[in-house]
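Trainee: Okay, here's what each chain looks like letter by letter:
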Amino acid sequence: GAVVSQHPSRVICKSGTSVKIECRSLDFQATTMFWYRQFPKQSLMLMATSNEGSKATYEQGVEKDKFLINHASLTLSTLTVTSAHPEDSSFYICSARARGYDEKLFFGSGTQLSVL
Amino acid sequence: GQQVMQIPQYQHVQEGEDFTTYCNSSTTLSNIQWYKQRPGGHPVFLIQLVKSGEVKKQKRLTFQFGEAKKNSSLHITATQTTDVGTYFCAGWRGGGNKLTFGTGTQLKVEL
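Chains as they are written, first to last, in this note's numbering: chain X, 2 to 117; chain E, 4 to 114.
Don't read these hints as lab results, they were simulated from the structure.
Using N, Cα and C, we set each Cβ at its ideal position, and we do this for glycine too.
It is possible that part of the hints are untrue.
Pairwise CB distance ranges (calculated) [what the hints assert, rightly or not]:
| # | chain 1 | residue 1 | chain 2 | residue 2 | range |
| --- | --- | --- | --- | --- | --- |
| 1 | X | Met-46 | E | Gly-99 | 18 to 24 Å |
| 2 | X | Ile-13 | E | Thr-31 | 30 to 36 Å |
| 3 | E | Val-53 | X | Lys-15 | 44 to 50 Å |
| 4 | X | Glu-64 | E | Ala-71 | 50 to 56 Å |
| 5 | X | Lys-15 | E | Ala-81 | 31 to 37 Å |
| 6 | X | Glu-104 | E | Met-8 | 38 to 44 Å |
| 7 | E | Gly-56 | X | Ser-10 | 22 to 28 Å |
Restricting the straight-line Cα-Cα distance to at most 20 Å, the calculated cross-link-like pairs of lysine to any residue (SDA-like) are [claimed, not checked]:
| # | chain 1 | residue 1 | chain 2 | residue 2 |
| --- | --- | --- | --- | --- |
| 8 | X | Lys-105 | E | Ile-10 |
| 9 | X | Lys-42 | E | Tyr-25 |
| 10 | X | Lys-42 | E | Lys-54 |
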């Protein structure tokens, strides 16, 4: 099956700093990337959807200036949490939609962000 | 907006007992998917159901899509400790551009 590599797996940062999370599709072209956020023991909440070469579409309530998404190529998408605060601490997961795999999503391993 | 609810939220069973989680959508779904997330891990695709009333089996797992395509269920026969995790149903919305996850059912299996 298709593999999505997400990096870093865990990051601890000081309040006010920015953190970049990378998501790469290793052996396929990701036509669409989805970024989810998950709090402990809760479901995955869609933050934004991005297509290669175009601006991301953000879900209602998600600040696009705070969560910057770049999908520069068919194999790479990044999420940058700008000026992170403790309330941004969460598990962030990317997922990719691939040609030839119908509507199945392939997930990265996730990034646990802790903001002190 | 579309809401996808699952019950129960938690389930503890003894190994060997059966387990069922139910998924209900506020709107009709074109199809439904099921994912499993192990503790500390990421969601892994299990199956997709498309047709009204469809039933699919994967070894001890049985998936069903309701006739009205608004609900679904996952049944595990004779649970094992390897079945531990959270099971999510998910449905596409926004013209098939956004996958919305259900609230999830956390399964714990005790020896």
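Trainee: What hints, given by number in increasing order, does this structure fail?
Mentor: Hints 2, 4, 5, 6, 7, 8, 10 contradicted; others consistent.
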